[in-house]
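There are 2 protein chains.
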Amino acid sequence: MTDIIASAKTLRPMLEPRAVAVLGASDDPTKIGGVPLRYLRDYGFAGKVYAVNPTRDTVQGMPSYKSLAEIDGPVDMAIMSVPAKLAIETAEAAAKKGVKALCTFTSGFSEVGEEGRRMQRRLADIARESGMRILGPNCLGYFNARTKLYATFSTSIDHGQPRVGNVGLVSQSGAFGSHCFVLGRERGLGYSACITTGNEVDITVAESLAYLAMDDETEVLACYMEGCKDGEQFIQALALAYERGKPVVIQKVGRSEVGTEAAASHTASLTGADKVYDAVFERYNAFRAQTPSELIDIAYMLSGMRRSGKLPGGNKVAVATISGGAGVMMADAGEEAGLDLAPLPEKTQVYLKELVPFAGTRNPVDFTAQVYNDFSVVTKNFDAIFRDGGYDAVIGFFSSLLYSERMSQKVLDALLPVRKAFPDRIFALSVIGPEKNRRRFEEAGFLLLDDPAKAMQTIAATLEIGRGFARGRRTTPVVAKAPCLQRRPYNEIEAKALLAKAGVPALPERLAASADDAVKAAAEIGYPVVLKIVSADILHKSDAGGVKLNLANDDAVRRAYDAILSACTAAYPKAKIDGVLVGKMISGGVEAILGVQRDPVFGPIVMFGLGGIFTEIMKDVTFRLAPFDEAEALEMIRSIKGFPLLDGARGRKKCDQAALAKALANLSVFAAANRDVLASIDINPVVVLPEGEGVAALDAVILTV
Amino acid sequence: MTDIIASAKTLRPMLEPRAVAVLGASDDPTKIGGVPLRYLRDYGFAGKVYAVNPTRDTVQGMPSYKSLAEIDGPVDMAIMSVPAKLAIETAEAAAKKGVKALCTFTSGFSEVGEEGRRMQRRLADIARESGMRILGPNCLGYFNARTKLYATFSTSIDHGQPRVGNVGLVSQSGAFGSHCFVLGRERGLGYSACITTGNEVDITVAESLAYLAMDDETEVLACYMEGCKDGEQFIQALALAYERGKPVVIQKVGRSEVGTEAAASHTASLTGADKVYDAVFERYNAFRAQTPSELIDIAYMLSGMRRSGKLPGGNKVAVATISGGAGVMMADAGEEAGLDLAPLPEKTQVYLKELVPFAGTRNPVDFTAQVYNDFSVVTKNFDAIFRDGGYDAVIGFFSSLLYSERMSQKVLDALLPVRKAFPDRIFALSVIGPEKNRRRFEEAGFLLLDDPAKAMQTIAATLEIGRGFARGRRTTPVVAKAPCLQRRPYNEIEAKALLAKAGVPALPERLAASADDAVKAAAEIGYPVVLKIVSADILHKSDAGGVKLNLANDDAVRRAYDAILSACTAAYPKAKIDGVLVGKMISGGVEAILGVQRDPVFGPIVMFGLGGIFTEIMKDVTFRLAPFDEAEALEMIRSIKGFPLLDGARGRKKCDQAALAKALANLSVFAAANRDVLASIDINPVVVLPEGEGVAALDAVILTV
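Residue numbers (numbering that gives the first Met the number 0), protein chains in the order written: chain A, 0 to 704; chain B, 0 to 704.
Among the hints, a few may not be true.
Heads up, simulated DSS-like pairs for lysine-lysine below, C-alpha to C-alpha not over 27 Å straight-line [to be verified]:
| no. | chain 1 | residue 1 | chain 2 | residue 2 |
| --- | --- | --- | --- | --- |
| 1 | B | Lys96 | B | Lys65 |
| 2 | A | Lys30 | B | Lys435 |
| 3 | A | Lys640 | B | Lys640 |
| 4 | B | Lys379 | B | Lys352 |
| 5 | B | Lys618 | A | Lys652 |
| 6 | B | Lys352 | A | Lys30 |
| 7 | B | Lys500 | B | Lys575 |
| 8 | B | Lys653 | A | Lys540 |
| 9 | B | Lys352 | A | Lys84 |
| 10 | B | Lys575 | B | Lys618 |
| 11 | B | Lys352 | A | Lys618 |
| 12 | B | Lys583 | B | Lys500 |
| 13 | A | Lys618 | B | Lys96 |
Stretch-level coverage of chain B by chain A, calculated; a stretch enters the list once three of its residues show a Cβ under 8 Å from a Cβ in chain A [as the list claims (entries may be wrong)]:
| no. | stretch |
| --- | --- |
| 14 | 145-158 |
| 15 | 289-297 |
| 16 | 374-386 |
| 17 | 435-442 |
| 18 | 543-554 |
| 19 | 566-574 |
Hint data in this document are derived by calculation from the structure and do not stem from the laboratory.
C-beta atoms are modelled at their ideal positions from N, C-alpha and C, and glycine is treated no differently.
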């Protein structure tokens, strides 16, 4: 974490410069080199601003410097808006001048072919050699809302400056970042800063997130990303945000096949498998949004919550509405989003019935439009719900009521005492109306969401993030003691032996070199036994006739041994055969699959799923970053759809989930300890026996790099 | 269908009255009885308007009639806004006056207890006896946008009259209907009419939909419902809309457990199982929206499409963007929504590369912000995409570009020729900006969606509806020839025999009354065989020791017979035993479950799923309304997640899907033919054998009412 804090601190001159120069400043205030100059001059930035343009004496009425060198004081940050062919010399000049941060609009780098890539490498060298941080190239710039530092050529500032607030937005894509920014602005979101990273020759999304995580003005991090190349740095940034109690919501694109293809052609970089990001986000409590509006809605909720205090740590939500139908719909959406719509206590329900005789009082509470006859009933309803129900969040549905000034005021007056009495809970309203009236509610501490069904999803996301903080930091198990993986082939017996040493148990087994040997081994292990060919050259053992199950006596073992050898020799005449494995035959239990894959960006990722069709047809699997502890392993186990099968469904015995969790966690530690050597592990199947009887790996393949 | 057309026609006086009276008209233009009078007077309704209030001489400056009877001409429609205690006499007076339609705001009926229910039954009697149609009670009224007939006390009209358009909105809930109406109005939706049905003492959602389906001004039907009591009428309404080519999008609430509970307490009516609605919607091509904003977005798309022509019948979509990131995200969302993002032809990609050298050209097309240097490139890009790609829909992402007047105009000029050249395809834009600029694009025939990811879902929904029309009406098989089910218990042999007659094949089997009998039967059937106890009193045959599988010879059969009888007699001493079934033993194939449930509203519903965990843990099942044909049965089979198992996954043989479809369709016909007697059928398992080998029901339970 020291690394990311140190490198994030170097972004400070970029976000908080005292003197700024625009390199390639244009006299035309609508051109790329003209827009930021105009913003800096007109919108109240308090620092020094210099225009640099070698061909002019003045730019937009300001004196123009022929070069950076001509400027007589220090320049903390320079905006570079020069043609690509001048970019390198301009950047060199900036470094020489002692500029601390260079914001590079210029495009025509890695996105346009080999020459561009070469130039981009040169830019990277300049950054590394000089210590000058470079944003971009090919980015839309950034802004600091508080200081009115709009270092961007996006015209979105022209049609509305952002409200100053506590949301920091980081986007890899410029156009998309500005789209999200505008969506948020229309939504009434208050921003601290917004950074677009473009080609990321130097400054990354991770560093930007880390900077904002340390920034006192920023309390919520919203992010759009296509992928990252430095997994460790990204993880550190998320971990830092978590430590600082800053919730993170991210839209990461490229999760579909077509999308991944498009992302590859767009970013031309190795950015890790998409499913691995889910594992990373899960570990560090970052919430993955699926659409820009979801990103903005969740950021909006978090922003409001953070203004008023902590996030709640539970999952209990109450709905109160003037419309029974809306209540039903919100209950549907809430249940599907995993919320706990626990009923109100009986005595509270009795009380609510006294207030409105024909109200629905369970939860959702339908206090009906009757409340319009006596607004004190609104107060009493919400007060009772908050007071008696122990809900983490309460949402009221008031349809399009805010369109009426009069009603708007009455409802606000009725709800304010409740808001004040329970300042630490989420108090949301699903209501539509003009911005002016919405703002009055927002300023009073209410969170406003228009669509009642989406509102439930947004609340669910917020509470999930809150629970992630309440749960506390995940412990990372020590990996030092894990057994060591050599860079060499492992046959099945060796693989299982090594994994058993690592804490993934297998059954007793022996390697036999002859039929007699096999009979002797079987006697030691105890009947019934299974025989399997052992050869790194024979992958499909069963197909080759290399497996014989359920052998009950010496004679059967002897015949099986001979049959296996002759079948395998016939099928694979050139295979190097290590011998025949004699193992304990067990029946019963549920088959699971444990696996490890090495992700190019994030290292070893552990997979868990049930055997056969569950994994192969239903794709019912889950992934986590290695290493993790048993508690997290248990979360994995419980998260798959087929979990009931391990939990005693259909009259089965409950399986030994504790042993399975232990094996999974041990596997993750082994994988992490050997991350440099390990390519993949496939333990398929692992039999999960009834409670107390443990688990056993029946087959295992380990591949090294 | 004749029925629904006839009854829908009787709604005409309600929607197109020449003379309207407000009963209980209030002098206060903000009160429930005052608002509609003010609307009728001030907003341009061209018909006659009478105010009726026995206690006043004038109401809002209009002469007040003491009673309806005093009015000297005919009154087609009356709005009733009187206290509950006056409702019955007022309705009677209206019927006597010859009023054709009564719109009843009055609340205090079935929603408030026994006395209210009694009054509501009386209202229903008045409607039936007089032929006067009654809307409500406890409804928010309705409007006809074209004639400015605002028969509602919703103040939502005050803050903005609806644009006149082609969307008809029907809502059971008043508050929620008005919420949807306002959402749509903010979205720029044009309405033909909007009807809220409240307690539905007489006029139902179904009749309202049917009326609008026949209304020439209405081209798109949007609906919010909690449930219906007359399944046949609802089905007829959807079928009518389909016949008339009017797309229907419905939000039906109550799909979750909490939601269903809330709906039950809210509507206090038997409204059918929620999953059955999915089957109904599927059959009649109604699209089920999950949130109000989805409902409105889809209605918006359909509305725009219907203005410009037919809905496309395919699923091919192209995305073209100024932002690579947005393209990736839209590809993700599109693939997840099931869209076919087929790549552009090679030669078109070459052409697009010539236009913008570093563009992404596959699909999504990323023509980059470079196009702003030469807007003719925008024209050329979209023209090539439409011309060469054969896409049903094309969507362009332009971020927040519409905020700039100048850019807005340039893009509009660039896109217009393409819109004109391909008028029959969906041309959507994901873009944000002020309403004025959006409207200019909309008037030019573009469909505007703000969130790019949601836009893909909306397009997918629209295309799904289009394909439903392109596919043509589903054929309903003739049910007359199906065998007849008696109202009596059926044991397993009888059930399978009857189902076999209905076209759900079983294996050869005999009922044996003695061990000798069983041996004889086995010889006829051919070894190996299975023996099973036959008794309507023994439900769990295996648990009782009543099943013996895989018997290979006479001796085994004899022993099994005796073992079964003694085990079952021990376990169920009082059971009436019909004998022992001797059946053919088969192995292989995939196990499926076929079932029928009788829904209280919609009658027999057929279920299909795979056996065991697929149905019980993964809930991987699908439902359709009986009867249906083999083509629809095949759709069912293909729609489950486990379908690959029937289609040759994991090295299996491909299963006999045709035979399975035939059995499913036959079952549906049998169920429909016996709808009055049938309670449920459970055929579990049905073994689906390899292609050409058919299917066989291995067990079946039929229950009658």
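Measure nothing beyond the straight line between the CA atoms of lysine 500/B and lysine 575/B; if it is 27 Å or shorter, mark the hint as holding. holds (26 Å)
Would the hint linking lysine 352/B and lysine 618/A be met if the CA-CA limit is 27 Å? The hint is violated at about 38 Å.
Residues of the stretch 289-297 of chain B with Cβ under 8 Å from chain A, three needed, outcome: As far as the stretch 289-297 of chain B goes, the hint holds, because 4 residues have Cβ atoms under 8 Å from chain A.
Please work out if lysine 352/B and lysine 30/A have their alpha carbons no farther apart than 27 Å. holds (26 Å)
Quick one, are lysine 618/A and lysine 96/B close enough, alpha carbons at most 27 Å? violated (67 Å)
Per the coverage rule (Cβ-Cβ under 8 Å, at least three residues), is the stretch 566-574 of chain B covered by chain A? violated (count 0)
Cβ contact check, 8 Å cutoff: the stretch 543-554 of chain B against chain A, three residues minimum: violated (count 0)
For a C-alpha distance cap of 27 Å, please report whether lysine 618/B and lysine 652/A respect it. holds (21 Å)
How does the stretch 374-386 of chain B fare against chain A when you require at least three residues with a CB closer than 8 Å, holds or violated? violated (count 0)
Next pair to validate is lysine 575/B with lysine 618/B; report whether the Cα-Cα distance is within 27 Å. It is violated: about 35 Å lies between the C-alpha atoms, which goes past 27 Å.
Quick one, are lysine 96/B and lysine 65/B close enough, alpha carbons at most 27 Å? This hinted pair holds, its Cα atoms lying about 14 Å apart.
Are the Cα atoms of lysine 379/B and lysine 352/B separated by 27 Å or less? Roughly 12 Å between the alpha carbons, so the hint for lysine 379/B and lysine 352/B holds.
Against the hints set out earlier in the document, violations occur for numbers 10, 11, 13, 16, 17, 18, 19.
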